[in-house]
Amino acid sequence: MRSLLRSRLLLPLALVGALGCGEDEPEVLTVELPVVARVGTEAFACGKTYTNVGTTGTTYEPMDFRVYVHDVRLVTRDGQEVPVTLTEDKTWQHSGVVLLDFANKDGLCTQGTEGMNASIKGTVPQGDYTGLRFTLGIPEELNHGDPTTLGKPMEDTGLHWNWQSGFLFTRIEGRTQGLPQHVMHLGSTACAPPPEGQTQGTAGCANNNRPEFHLDGFDVTKNTLVMDLGTLFAGSDLNVNTPSTAAGCMSFPTDADCAPIFQRLGLAFGGQAANPAAQTFIRAE
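Counted the way my numbering counts, the sequence shown spans residues 1 to 285.
Bear in mind the hints are in silico, worked out from the structure with no lab data behind them.
No experiment lies behind these values; they were computed from the predicted model shown.
Even for Gly, the Cβ is constructed at its ideal location relative to N, Cα and C.
Do not take every clue at face value.
[As the list claims (entries may be wrong)] The following label-pair restraints were derived from C-beta to C-beta distances:
id	residue 1	residue 2	range
1	49	195	43 to 53 angstroms
2	221	243	49 to 59 angstroms
3	111	27	41 to 51 angstroms
4	245	221	39 to 49 angstroms
5	36	88	19 to 29 angstroms
6	88	243	40 to 50 angstroms
7	88	221	20 to 30 angstroms
8	243	82	42 to 52 angstroms
9	41	158	22 to 32 angstroms
10	89	157	36 to 46 angstroms
11	256	28	44 to 54 angstroms
12	190	42	15 to 25 angstroms
13	151	116	13 to 23 angstroms
Based on the provided sequences and hints, a complete structural model is requested.
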């Protein structure tokens, strides 16, 4: 009798244990998306000189190349977007933001750091993924904060305009035959003063300038992201600058030098409508 009672007590406990162990937790896929920088067919590197850049085939000597991205998602075969949980390393990735940094201290690249980052790291549930999507820039909820309190990779004040306009989403600079410095600083513009009762931030920006990139057919186990300055500048004369404007493009809505660059980012500019399908800056290989 005692043995039978013991069996009856232990059997439910054994079943509970078996059921608990049998609950399958979702399998996690660790992803590391490589990103390479190029100028046309050549790998980007500080200290090099590139030829045949832009509409006049000028030379281009890099001075900086840094890009923020966020809202990284993979796309399943049936079209569902799955957010990538970015690895928090607090150097290149923090608060859902990644800084891609292709510039060291070689050549004319004296403004950034020795460190470089050319990948996006994170995790997603296991799945059949056939596409990649992400947004260039800093998300709105962080864009107008104090960079000195946000931690790396957002604490660098060299990648920040001011509290009203926020961050430089890209800092791409170089010297050409005609200009000692050509800049491509993308960021939000036409930003209103802070809301009533606040001393910092903005009541909103007319031009958010955050292009979104959709790369269909992207295989996370095989493909590489390519950011190509050759295609970004393909419609620009980098030897001249529109008088009374920034030396290159600083995203000002009245700067004609921005028009061909914004087109290649798929962004609206002036009377030019946004056309994400026309972007040529970023591709997959």
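Check: Does the Cβ pair residue 49, residue 195 satisfy 43 to 53 angstroms?
Finding: The hint (43 to 53 angstroms, Cβ to Cβ) holds, given that residue 49 and residue 195 are roughly 48 angstroms apart.
Next item on the list: Mind checking the hinted window 13 to 23 angstroms against the Cβ distance between residue 151 and residue 116?
Entry: holds, 19 angstroms
Item checked: residue 221 and residue 88 - C-beta distance against the hinted 20 to 30 angstroms -> Because 23 angstroms falls inside the window, the suggested range holds.
Checklist line | Assessment of proposed distance window 15 to 25 angstroms (beta carbons of residue 190, residue 42) | finding: violated, 36 angstroms
Checklist line | residue 245 paired with residue 221, Cβ distance criterion 39 to 49 angstroms | finding: holds, 45 angstroms
Notebook entry, point to check: So the hint says 22 to 32 angstroms: do the beta-carbon atoms of residue 41 and residue 158 match that?
Noted result: Given about 30 angstroms between the Cβ atoms, the range holds.
Next item on the list: Take the C-beta atom of residue 36 and the C-beta atom of residue 88, compute their distance, and say whether it sits inside 19 to 29 angstroms.
Entry: Roughly 24 angstroms apart at Cβ, these two residues keep to the hinted range, so it holds.
Next item on the list: Could you see if the CB distance from residue 221 to residue 243 stays within 49 to 59 angstroms?
Entry: Roughly 50 angstroms apart at Cβ, these two residues keep to the hinted range, so it holds.
Notebook entry, point to check: Has the hinted range 44 to 54 angstroms been met by the Cβ atoms of residue 256 and residue 28?
Noted result: Holds, at about 48 angstroms.
Notebook entry, point to check: For the pair residue 89 and residue 157, does the Cβ-Cβ distance stay inside 36 to 46 angstroms?
Noted result: About 21 angstroms separates the Cβ atoms of residue 89 and residue 157, which means 36 to 46 angstroms is violated.
Next item on the list: Evaluate the given range 40 to 50 angstroms for the C-beta pair formed by residue 88 and residue 243.
Entry: holds, 46 angstroms
Note to self: For the hint 41 to 51 angstroms, verify it against the beta carbon of residue 111 and that of residue 27.
What the structure shows: Since residue 111 and residue 27 have Cβ atoms about 43 angstroms apart, the given range 41 to 51 angstroms holds.
When the structure is compared with the earlier hints, violations turn up for hints 10 and 12 and for no others.
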